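Model the full structure from these sequences, guided by the hints.
Quick note, the sequences are listed as chains A and B, same order. As numbered in my numbering, residues 40 to 338 make up the first sequence, in order. As numbered in my numbering, residues 541 to 819 make up the second sequence, in order.
Just so you know, the hints here were simulated from the structure itself, not pulled from any lab data. Take these hints with a grain of salt, some might be off.
[Claimed, not checked] Negatives, chain A to chain B, calculated, CB over 12 Å:
| hint | residue |
| --- | --- |
| 1 | Gly93 |
| 2 | Lys195 |
| 3 | Thr215 |
[To be verified] Which residues of chain A face chain B? A few of them, derived with a C-beta cut under 8 Å, are:
| hint | residue |
| --- | --- |
| 4 | Ile58 |
| 5 | Leu79 |
| 6 | Val155 |
| 7 | Gly163 |
| 8 | Leu229 |
| 9 | Ala232 |
| 10 | Gly306 |
Everything numeric in this text was worked out from a predicted model, so none of it was measured. Glycine residues also receive a C-beta, built at the ideal position from the N, C-alpha and C atoms.
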Amino acid sequence: MKQKLKSYNSQTYLAYALIAPAALYIVLIVAWPLLETIRLSFTNSSLAGEDYVGFENYQKMLSSKKFNGIVTRTFVWMFFSVSLKLIIGLIGAVLLNANLKGRSIFRVLVMPPWVVPIAIGMLGWLWLYNGYFGIIAGVGMRTGILDGPFGFLAYKQSAFISTIIADVWVGTPMVTVFFLAAMQGVPRDLYEAAYCDGASRWDRFFKITLPQITPVIITMSLLSAIWTFNSFEIIWILTEGGPRGATTTLIIDTYKQALGNYKFGRGAARAVVVMILLTLFAGFYLALLARINKKISHE
Amino acid sequence: MNKYNTFEKIFIYSGILIFMTFILLPFVEMFYASLRPLDHLFRSPYQFYSDDLSFWAYREMWNTVPMLGRYIFNSFFLATSVAVITLIFVIPAAYSYARFKFPAKNTSLYVLLAINMFSGAVLLIPLYKVLRTFGLLNSYQAMIVPGVAFLIPTSIWLLKSYFEKIPIDLEEAAFVDGASRVQILRHIIAPLSTPGLVVVGIYAFIGAYAQQFLFAITFNQKKEYMPIPSGLYEFIGYQSVKWNEMMAASLVGIAPVLLVFIFLQKYIVEGLTAGAVKN
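Here is the structure:
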């Protein structure tokens, strides 16, 4: 019987055969294009054809002041967006974790920005940000903060901030829901023991909840850094990277170079930079995940 | 210990109110704008009150956006196709990961996670060239083919965890009693994994619905294949946007996903957070 069971569970060829279709699909549509992007980055590929040009695309890109500005801007944009998502998400999760009436409804109501296609949500934000007729400018004008119509997406600084806020809006639900799930996974008896010892609500949060959910907080910071770095639709629909490049992040610049100007080679060089950065993030994330898993299996 | 005094209650509820305003204001304002006549919308500064609310925009939008019906159909068709094709690829792979031990199992699972982190934007150039070579630009396939690739990794992880919940003893017992693999699949695995399949299918559907922009604006210029997001995006460039109708069309376009989500949110949220939180 053992023999027979073994033949049921350890058929490596069957295991591989079942995975093969999905693996092949990924190789064709993701892995091969990644390699092809690297190859293209060494050519001057365009709709007309391509020639090998060595490191020319990279040299031009790295020596351009504009490109360095874009990299810095990408990280500043990311930093503010991710921090805000984490802070607002944590506060949201604490509020929705309170044992009060209606919390199950609120938990459902947090999710729409994540569920709805980003592009549609951004059509809504375009209207909110409208300088003459939008509600935000309206509130500003009526309270006297603004002394007239103000196009939030028309000025460098305000466009930068406005795109961050829209990105935070899209990303916060996911962060909130993960934090909330983590908070509910904290063992009840820890709180009960602390309560008996006379710990205040505040103490219980900082001494129990926060340390207990730290792994999830770290995981979510990395994941939202990756998602934020990849964010394309939000900026593209709100500003297309403008005004005068003020919201052009690496992803937007890659897209513009490649498919706005059909300079595939230059676009590919930018895509390779994006790939390298993403690989770093992903490496961090996976190493962290492996470490957390190891810790759990040791306990 | 779970009792709050009145002051704490007021504090928490006002916090929730502010938080929810941020999350829901765009939707509320979209809905409100869709009910107001255009000349009320085009008053500066913003007017909070309209006495003239009606569903007029929901009738008129079909004339302003002549292909709207087609866009809605396309969105549905694309999301359904992507979800179904994803499942076809994912079911055997997820089962294999849940049940078999084989070399490179964990490594390949982590590679799948890593793939998830690459946005489509990095791959656009070669994909554009491939689709052009095969004559697939400006077609449904141009959006379905890359769409599926980006849903496979998460779907495998999700479905794997559902398969793992089916006790292996059941299968082994049946196998020892002489049941064939196909019989086991039909009589044990299929019925027990149906809830998991439904959740993963819906996850893929929502994901496919959400991703209908980048691939759609890059690989498809033909109006008859456009999904709602790229179809409506075209109208934003116009000199005077009829915002009430645009908002009405947007809301009609997202209603299906929202409804699906509201009915099944419990399972989706549980499924998505389970992995991250337990790990």
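Right, here's what the structure says about each hint:
no., hint, verdict
1, Gly93, "holds (19 Å)"
2, Lys195, "holds (21 Å)"
3, Thr215, "violated (8 Å)"
4, Ile58, "holds (5 Å)"
5, Leu79, "holds (6 Å)"
6, Val155, "holds (5 Å)"
7, Gly163, "holds (4 Å)"
8, Leu229, "violated (12 Å)"
9, Ala232, "violated (11 Å)"
10, Gly306, "holds (6 Å)"
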